[in-house]
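Heads up: the protein sequence lines correspond to chains A and B, in order.
The first sequence begins at 90 in our numbering and counts up one residue at a time.
The second sequence begins at 514 in our numbering and counts up one residue at a time.
Hints listed in this document are in silico derivations from the structure and should not be mistaken for laboratory results.
Being a predicted model, the structure only gives us computed values, none of them experimental.
Any given hint could be a false lead.
What the hints assert, rightly or not - Which stretches of chain B does chain A cover? Using the computed rule of at least three CB atoms under 8 angstroms from a CB of chain A, they are: (1) 555-567; (2) 645-654.
Claimed, not checked - Taking beta-carbon pairs under 7 angstroms as the criterion, some of the chain A residues facing chain B (in silico): (3) 117; (4) 187; (5) 215; (6) 314.
In this text, a Cβ means the ideal position worked out from N, Cα and C, and glycines have one as well.
As a plain string of letters, each chain reads:
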Amino acid sequence: MSTLYPRLPMRAARERFKDLRERSATDMSRWYDTTHLAQYFAPTGGTRATQERLSVLRFQVVETAKAHGFPSPLGRSVHDFDTALARELHTNMDLVPVEAAERPMWAFVALVLLPDVAVWRFPDPPDDRVLATDITRHVFGRLWWRAELTRDMARLDDPYHLLGVFPERNFDQILARRRSIGGSPELIRALAKEWPKDWTGIDETDALRDVLKHLMRRGAFQDLYGLPEAPLRLEVARTISDVRHGGAHSRRAGDLDDGPVGRHARR
Amino acid sequence: MAGRGNRAWPYRRVRGDLVKASPWTIDPDTDGEREVPDSLPDWDYQTDLRLRRRISLDSAACREVAGLPPDASLAISVRWNALPSLLRGSAAWLPLRDDSQEYLVDVEIEGERLGGIVNLETMLVLAAPDKPRPAVAHLVGSNLWNDQIEIRLQGNAPLFPIAQVPFSESSLPYKAAWFLELGADLNATALGAIQLLVNQEHPTIVAAVGRASSPNDVDRAVLSALRSDVVRTMLERALEDEAFDMTEVFEKDTLGAVLQGLMRTYMSSYMDDGLLEIRRIRASDPPMFATIVQAATDLLADER
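Turn these sequences into a full structure, and let the hints steer you where they fit.
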């Protein structure tokens, strides 16, 4: 059975965020809790996290942060910290996706349980980093989702081996398309597995944007989300190759591979 | 069922009359098998979604209409997407055979990936890339026919907070059927302060709760006893608390406000003097109080 975490209603979260902004970093280390008067839980679907369990989670996250310099400034190890924490949150929280889509739950984690680590990761955070008005921007929520969407159960020895394929700003492009491509773990894993390591001479961020654009356009006609892994990876690999070699700009679903035949062909 | 409207497709598709698809049924091969409703208010995400439909089609005719060669591979694909998780994925992939026109499509989607609104789309697709031809689909997965349904999982009404746990692994008596946890703070949010724990190791209560939407006679009796006991426990919790009074103002959705609501619903006949009379009965004659609650909650009324 999965674990249900306390949820912090938006009004209480905003009050807590206001308090957070008025506190110094030193104050922050003592300003955490495992419970909040306004908290509530999902009515069904799992076992509620006890205060002891929440304390353990806090301890684990703080230890990971300490391994990356906490409370000293994070500096250059941001990517390493995010990758380590994504793996840890996904492994230890025992969350199911539908619970992880609950914004008030992430607001509790950032504003009540781990405000000091949240502010250390994003000093002077804008509200979406802690309130979870957008989970794909939330200090912790986005990392859990990154692990969920890239977890590869075909690699039981290291199911999180794809976590580091895309740097944060690139993965943000995928998360920003959660209503389409970014909601399909199979497609994201195929993309991560086929993504070339070497992008010498090409802007990797631009290339990813183009690949996502072309996959979304083809998805209107092609059932990319329903394909078994083997043909899906072939399709993704072909799209990446097209973008790398500049061919994808002229291709649309229904166009032809071998020559300029039909009204949609532009080659 | 909705199609995709009047989208302009870059290739010929299969006419709707060539694919005969039955409505989806839920919980196939069980007593509860039925046509899937628009809404499943009792669903929670520990429940996997098990659906079935039959599809009848002539693959040769479909290929011909779509302009595909006789050896083109086709498949039935079922995919889903859900709100609020925004997840999507494949639920079934059935390659078509030349020797069969009848297909049974079984789908089982993990409940923990769902919740909110689920959209289930059935498609007839090209199962392998084909040689490009003008106005003919050639990319693998090309959508040749589709329909879709939407199912709302859980209604808008708030559910009573409930969790199944093994009592033998807790401090609770392991033979007990349920335990109602109630927080100490009347101003705490009710959904955080109340939780009904059901003993996972007690088959009768587990079965009754699991079949709450379509209970048999035994389930109905068990659920009636559960409901009555929960109400009595909550009313007693309120009456024992000196800070609880009907004139006290509690914010909406707090434990105090929920207890006031319960008191009004079940004890209104005894509340001419506020809580004085009912508190007196509870203190001086507990068996009478228990019987009053039985009557107020219609204990076993359905079974008479």
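Right, here's what the structure says about each hint:
no.	hint	in the structure
1	555-567	holds (count 3)
2	645-654	holds (count 9)
3	117	violated, 24 angstroms
4	187	holds, 3 angstroms
5	215	violated, 22 angstroms
6	314	holds, 5 angstroms
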